[in-house]
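Asker: Chains as they are written, first to last, in this note's numbering: chain Z, 1 to 475; chain B, 1001 to 1294.
Be careful, since some hints might not be right.
Unchecked claim - Pairs of lysine-lysine, BS3-like flavour, derived with a Cα cap of 27 Å:
no.	chain 1	residue 1	chain 2	residue 2
1	Z	Lys438	Z	Lys391
2	B	Lys1289	B	Lys1262
3	Z	Lys295	B	Lys1086
4	Z	Lys253	B	Lys1243
5	Z	Lys57	B	Lys1078
6	Z	Lys295	B	Lys1078
7	Z	Lys197	B	Lys1086
8	Z	Lys53	Z	Lys197
Derived by calculation from the structure, the hints in this document are not laboratory data.
The model shown is predicted, which means the values in this text are computed figures rather than measured ones.
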Amino acid sequence: MIETVDAFFDELRAVGLPISVTEKTDALQALTVIDLSNRCVVRESLAATVIKKADHKEAFHTAFDIFFSSTKRNDFDAGEGLSTEVFEGEDSEEEPVRTEQTSGQETQHSLDDDELRSAVQHALTTGEESSLRYSARHAVRNYGDIVAGRPVGVNYYLFKTLRKLHLDELVAQVAEDSAAVDATDFEKRLHEEHVKKVAQEFKKAVEDEIRRRLVADRGSAAVAKTLRQTLTEDVDFIHASKEEMAAITDAIKPLARKIAVRLARKRRNKRRGTLDFRSTMRHSLSYGGVPAEVKYRQQRPAKPEIFVIADISGSVASFARFTLYLVHALASQFSNVRSFVFIDGLDEVTNYLAENEDFDQALALVNQQADVVWTDGHSNYGHALEVFDQKYSGEVTKKSTVLFLGDARNNYHETNVEALAQIGKKARKLFWLNPEPKPYWDTGDSIMEPYSQCCDQVFEVRNLQQLEKFVDNLA
Amino acid sequence: MEHRFESVSSVQKRLLDVDYLADEATASASFLADRLGKPILVEGPAGTGKTQLAKSVAEMLGARLLRLQCYEGLDEAKALYEWNYKKQLLRIQVENAQAAADAGSSTWQQMQDDIFTEDFLLSRPLLEAITAQDPVVLLIDEVDRVEIETEALLLEILSDYQVSIPELGTIKAKQIPLVFLTSNNTRELSEALKRRCLFLHMDYPDALREQQIIQTKLPEISQQLAEQVAAVVASIRALDLKKDPSISETLDWAQTLLLLGKQSIDTEVLDQTLTVLCKYRSDIEKVQKELVIT
């Protein structure tokens, strides 16, 4: 047991979860007091002692499934059935028996395609955990074609299985068949959502099954390595997949709120202003004329003005998306945020972002209406800077902080460093955020070096962690 | 020391008796909090039953709930203890008067020993929790609202269950209370605090569990309506809203539907009562657009 737990912790650390000795001791101690035959309780107990951040939950669960999905899974299944007893009074007696049945069947015969289809349909209609697992097991057996020793990940087999199963068709069919005849559109919609949710569970069951088989084939450590996912905070903006993008977007929302809270607090707790003589004298009356309580004037809060100038050309589009999103979220916190976007032309988009509460809509408007293409639609920093210098640089004052977002890949156009230097001189601070890894700067058509000369500071902002750190400094 | 709970499933059952539906994660964390003698840090969006968990655990144990509501500017005097300086002043004045009368013998030292005793100590929730004789549950609510420096105040009590008072020495806990900390995650809590706690993340329940919650809290509701309410709320939460409806708002809505005598939900009913679920204009518009007009 302790070896498995040790390996499990090593894997969690490898993924990047911060696990200190305290957490490990707690976890081991927890294992001595709980009922080890109940898989769900073991998992949640370990989670309670080990995880310290909600974002890490998923990584934890993946790793747990790998290391604690023993091939003798049926013990665990029975345990799971029992643990749900509290909620599902009727099912509880039946479920452990069912799983025994299914595991018995597994050894005896496999289902043919039609039987499998109807089994999946049944599972989707009822949504019962045991039948979901049962049909998933057979789906993998029939369609997975898991080849022993082949070093591919779970996703490969998952797609293969689901494609051969035509899951989407099945889901649509089940949704239609099982809906009540006289259902209104509204009810139909709700029902469809329900079936889709069940389908999601089915997918998970298939994934679990594949993982279980892979672990049996190659051992936990090897599978863990192929499954290792980057934590949301470490995902590279530019290479983020669709799911990762969604996760990052979700994470940015609270980030903006956190920054706002921190900012407000800092402002309030800042060094107090000059002595308020009148107020001090007034309060001294309650101490018999002794000025025991010294009163100060509140300092007037500074109203920083922020100019965000973002490159939205193809190469950094996803990064710009996040930054604009953050700007959008911050707009209500900072009194004055102005946003500009450019490719080879430059346009102000403050209004699009401010007027639309829905960010995606705002972004669509920016893409449609902002006048950012001058000639060929490839980034041209030189020209963008020139436009900014001509049109807007008069509005940059000593109170303004300017953020420049881009990879400085200029397609070998004119650099126009003087314009940037001008802006830098006028503004309170000029920061450049570059979404590319530092080693790539100044390679090819990247001209970070001359630009960074004009900036107060240059940051590499590739992931959420770095973005958070930067904004923290800013606030 | 005697344990409060026998097993994880017994925690679940006993919580159900006080109308709180706990999932495995919640029950396991509560069980471990008792066995390992550690506080639980409960984190999650507003309205998922974090504070209610502490209340329900207190109710189930028949313990007194001590609540420390955190806010910005919370300090030692409000959280731990405070010297009752008015009483001390009175005491000194009486002493002075006496001293004048007997042409006095009382020294400063005596007086100091006199006025820094437990008689003059006002205990605040944290100190009270560890000195209490009867069973208590300590709830430190919205701990993310205090400044990061103030968090340090909590560390001694959370890890060693003791409070050090310079004038008196260290007061150790007579019993280890169950401690719940809640956080809405408006800022990252310090590592030191997190390390001392078990962590429990509470999210919105899935439709089935929410339906069970509705039925537990509103026994007179029909199964079908509860199911529908849960389904509609789940579908609303799936939209990208400013503020997702919380469990208590779901319950309010179910109650509203009951009062209006509705047996089932259609678009018209949803449209009329949507304001119970969503509190932002933009959210209401979005739900109307997505669900009402299809």
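Asker: Sort out whether Lys197/Z lies within 27 Å of Lys53/Z, counting only the CA atoms.
Answerer: 26 Å, holds
Asker: Is the hinted pair Lys295/Z and Lys1086/B satisfied, with a Cα-Cα distance of at most 27 Å?
Answerer: Judged against 27 Å, a Cα distance of about 23 Å means the pair holds.
Asker: Is it true that the CA of Lys295/Z sits at most 27 Å from the CA of Lys1078/B?
Answerer: 22 Å, holds
Asker: Can you confirm whether the C-alpha distance between Lys253/Z and Lys1243/B stays at or below 27 Å?
Answerer: At roughly 12 Å apart (the allowed maximum being 27 Å), Lys1243/B and Lys253/Z satisfy the hint.
Asker: Take the C-alpha atoms of Lys197/Z and Lys1086/B, compute the straight-line distance between them, and say whether it is at most 27 Å.
Answerer: Outside the cut-off at roughly 63 Å; violated.
Asker: Under the criterion that the straight-line Cα-Cα distance not exceed 27 Å, is the pair Lys1289/B, Lys1262/B satisfied?
Answerer: With a Cα-Cα distance of about 23 Å, the restraint between Lys1289/B and Lys1262/B holds, given a limit of 27 Å.
Asker: Is the hinted pair Lys57/Z and Lys1078/B satisfied, with a Cα-Cα distance of at most 27 Å?
Answerer: 35 Å, violated
Asker: Is the Cα-Cα distance between Lys438/Z and Lys391/Z 27 Å or less?
Answerer: At roughly 32 Å apart (the allowed maximum being 27 Å), Lys391/Z and Lys438/Z break the hint.
Hints 1, 5 and 7, counting from the list given before, are not met by this structure.
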